[in-house]
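Using the sequences and the hints given, assemble the complete structure.
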Amino acid sequence: MGWMKKGLLIGGVAMALIGCGNNQQVKNSSASGSLALSNDDSLLYAADTDNGVVSVVDTRTNSKSYEVQVGARPFKVAVAADDTVFVANRGSRSVSVIRKGERQVSAELTTGVDPTGMAVSFDGKTLYVVSATSKDNNEYGLLQAFDTATLEEKYAQPLGYEPRAIALTSNEQALITEYKGEDKGADVIQVDLKTGTTMNGGNTGLYDSVNFTKVDNNGGAGGLNFASFKSRGQTDVVVTPSGDRAFVTTVWAREDNISRQPSSTGGYYAAGGPCNVGAVATAGIVTMNVGSNGSTQPKVDDLTDCASRGTNTNTDVDFPPTAMGTGGVNSSGGLSNIAVQGPSAIAVDPTGEWIFVVNKETSNVAIMPAWRRTGRDGESIDFQGTGSSFRSVVDVNMNAALSSGADGIALTKDGRTAFVYNQFDHNVVRLGNPEGGPMSQVRVTATVDLGLKDTLPAEAAKGRRFFFDAKSTQMSSEFTHVSCGSCHLEGRDDGHVWGFPTKIQSVSGQRQTPSLVGRKTSVTLPMHWEGEFDDFAEFMNHTVVSRMGGKQDPVIQGQIQTWIESQELPENPNHHANLTEVQLRGQVAFMKAECGTCHSGEYLTDQKLQTVSTRGANTMGTFDTPSLKGISRSGPFMHDGTVRTLRDRVFQGGNTHGKLDVLTAAEQSDLLEYLKSL
Amino acid sequence: MMFRAAVVAVLACAVPAAAQDNPEQEWNALPSGKGQPPPPPARDDILVPPPPPSSDPQPGAPAAAAPASVPTVSSPRPVLEPNTISMFGARSLGFLNRGEMFYLGFPLIGVRFSIGLAERFDFGIGFDSFYGMMNEPLVGMRVNFFRGTNWNMAATLEAGWAWFQSRASIDLRGPRWLTGRRNGNIMPGVVFSYQGDHPRAARLFLALQYLLTFDTEPYQKDPLGGVPASVQLGHNGQLRAGAEMPLSAKTSFVFLLGLDVHGRQPDDSIVMPVCSVGLVTSI
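Note that the protein sequences, when read in sequence, are chains A and B.
Per the working numbering, the first sequence starts with residue 1, numbered consecutively.
Per the working numbering, the second sequence starts with residue 1001, numbered consecutively.
Derived from the structure by calculation, the hints contain no laboratory data.
Any given hint could turn out to be false.
[What the hints assert, rightly or not] Negatives, chain A to chain B, calculated, CB over 12 Å:
(1) SER63
(2) SER121
(3) LYS154
(4) TRP371
(5) ASP395
[To be verified] Interface residues of chain B toward chain A, partial, derived using beta-carbon atoms under 7 Å:
(6) SER1169
(7) ILE1170
(8) ASP1171
(9) ARG1173
(10) LEU1206
(11) GLN1209
(12) TYR1219
(13) PRO1223
(14) GLY1225
(15) PRO1266
Don't be surprised by glycine CBs; every beta carbon is placed ideally from N, CA and C.
Listed below in structure tokens is the structure:
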């Protein structure tokens, strides 16, 4: 055996000389959202949005060690190489800095409004923070770079519209997701981190890729017969440890008109998901290949044409399905019922082989291979049947009928443990796969109660759970799996224009998703763009029963309304306790253009139907006067979404919807500033 | 079926040569007019025939009578130079002699270039490929330990580094599964070969190899199943049998059959048959 030992020795020396090939260095964190681990995996940091604290959990004993009070509505946690903890606070426009070993915040970084994305550079020297809007203008987002040692701001660059999450593909480049997007839906922005500037025109052509057949006019009749989909709700992005692939969570929204009518049998929203998988709003994964030069290309299914390039028949591809299954016909001819909705966070394991998608609205974690959609020997991956490639879907809520608000995940470096944070349950769930083997499933191995309570009133807290619940049959049919939050993202809007049937049009019409929070639905009735519903219960019966396929339940409806009305307007950098001088001038212009004739009162609505036109369609129609509260972050505008930005709305002029033509250019500018302040 | 064909092919080339003990003796013998005995046949020596007597008179010169003691040969056959260029067998090339080889088969195609650095020590480089899906440059050596009249035995060693087109996790029935190879591959082995006395006798060979693999791309097979060690070893056995069938003094046609036994299941096939055809030459 001496020669064998010599051989092994020689081999070992050879391997050492060539660096042992793949060293599996973890450059990107295997954590996302409200959770992060210390570098030695001994401590877990969990940000609780309601309570404004970060709980520190000892992962060896599965017990809470202590908590640190941070800013308002902490949302995202990141840990640097020196174990400094950064916590992004959406409610206080800041990042709390907790140095290693300390039990209090040592510094607060001032960010833009709604800081939602955070990442630490590979060298640990820079913290990048993405905010939904800049510090003083809600028309664009913000990317900031901070020195992690001195905490000085290196730069602050404007960035896209409602950017959300960030992940580094290298020390020099990053990908940033859009939460809402513009004409073609949300895309992924590639950024040069040295300067903070956008690369490659700010988009990757995602819309054209997922709607290839329709865009390419190969579908006959100009391709118009094909369903098409827009990405929005891109809550998170993660990059593999090797840096060559990124995954973005999204919810696909159907773009073309939906001919099916709502009915008392429910499930209208179940119609028309991509390739007969999912509902009109379907959770999905956008795969991005990152080239050696940092260029990023979508690697996605053509959702418009399953027959030629789509998902359901093509298994010979090396990326996960673009649409995640929420129904569909399985290989046995029956209906699959895999509820996955509302992806809120995503992580990839340290070897880059498995992706873990946390789904807030179905309170589970979907685990699937990162590089294939077919099963290895003995593996129960049923892509043909379900349209998805889940290896495991793990429920993480304690009460199966109620959303737990899962929005964070962290994986240990040994690849054996995952932690998930349930924001509504205020607990941490520990996941493992102790059995192992191709048939083994990931399961909950422990639950750590953090001892935190709801800060919302009890009824509102319950309403929140139902608002974000796509699994409860109270809210949607077992084959629909959409929640109110699937379109009213965070209670707001999704920036999408739907082709739903309407009251005044016997066929489908274009209707923009209105924002709900901060507008006091109880005092701004009627509801829907045509004012079809004079009270909230009537509206809920129609929406929950006839559209979502849920059940009529006055108690739940009341709880949901309580939660909606408890919510504040979205954070707004242009909103001040008192109007500024230019905003006051804009208020005068608002009245001069007779906007205030209909948009009147505390919530800027006369609660009446008015006959107006939209600039894009240039046709007259009768619509409910919507509240203008929080309008600046609720684009696109008009009932049919034909006006993309508030700036366009003001400067396009016209006298058929207000009398904008009577305003001077200066007055129009003032009016814009006033509208942005609402 | 393939095995049977190979056996038939090998025997077809080997048996005739073995059956004729020294069929060229008459032709290799020097003219015996002076009673000199013919030199003993030496396989390693180049047999140089005497210049054939010319039966035609030179133009412009008086015709000379042919010596009565030298038999007249109208069309003499050249003496065959024995083929000693072996790449698969155990016979080394000899000092500064070169050998080249390419083969085509299942699962691999490959080339080798070798040179004798000593009489019994060859060093070479090569390249194996699973038709583009796995590509592996190699270095190798062969040490001839035993050289008999017909039998040879040698120890061989090849080492290479392979690049795969597909990630290991999606290479379900690809080059890794078929060949057992991984990123780093070391193949020590021993080879025996037999060649009959005829200069064109087929050189039969039998090789036993141990394939030690270094997998530097191990992946996590099960979610939360644990991160594997950064380098995983694999142990495999390889059996090769075949023949180098000389077409000329320096070129042989090669036919090879084999069987691989793989030690990594279920990642690799348990056993995998191997077959190849190729050419060995020295340019």
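Hint by hint, here is what the structure shows:
The non-interface label for A/SER63 is consistent with chain B: the shortest C-beta to C-beta separation is roughly 21 Å, beyond 12 Å. With a minimum CB-CB distance of about 24 Å to chain B, A/SER121 clears the 12 Å threshold, and the non-interface call stands. With a least beta-carbon separation of about 34 Å from chain B, A/LYS154 lies farther than 12 Å from that chain, consistent with its non-interface assignment. Listed as a non-interface residue, A/TRP371 fails to keep its Cβ farther than 12 Å from every Cβ of chain B; the least gap is roughly 5 Å.
The beta carbon of A/ASP395 sits about 15 Å from the closest Cβ of chain B, which is more than 12 Å, so the claim that it is off the interface holds. Contact between B/SER1169 and chain A, as hinted, is supported at the beta carbon level, the nearest pair being about 5 Å apart and thus within 7 Å. Checking B/ILE1170 against chain A: minimum C-beta separation of about 5 Å stays under 7 Å; hint holds. Contact between B/ASP1171 and chain A, as hinted, is not supported at the beta carbon level, the nearest pair being about 10 Å apart and thus beyond 7 Å.
At a threshold of 7 Å, the smallest CB-CB gap from B/ARG1173 to chain A is about 10 Å, leaving the interface hint violated. Hint status for B/LEU1206: violated, given a least beta-carbon distance of 20 Å to chain A, over 7 Å. Interface restraint check for B/GLN1209: the shortest CB-CB distance to chain A comes to about 12 Å, outside 7 Å, so the restraint is violated. Nearest Cβ of chain A to the Cβ of B/TYR1219: about 5 Å, under the 7 Å cut. The hint holds.
For the restraint placing B/PRO1223 at the interface with chain A, the shortest Cβ-Cβ distance is roughly 4 Å, inside the 7 Å limit, so the hint holds. Because the beta carbon of B/GLY1225 sits about 5 Å from the nearest beta carbon in chain A, less than 7 Å, this interface hint is met. Checking B/PRO1266 against chain A: minimum C-beta separation of about 5 Å stays under 7 Å; hint holds.
Hint violations for this structure: numbers 4, 8, 9, 10 and 11, all remaining hints satisfied.
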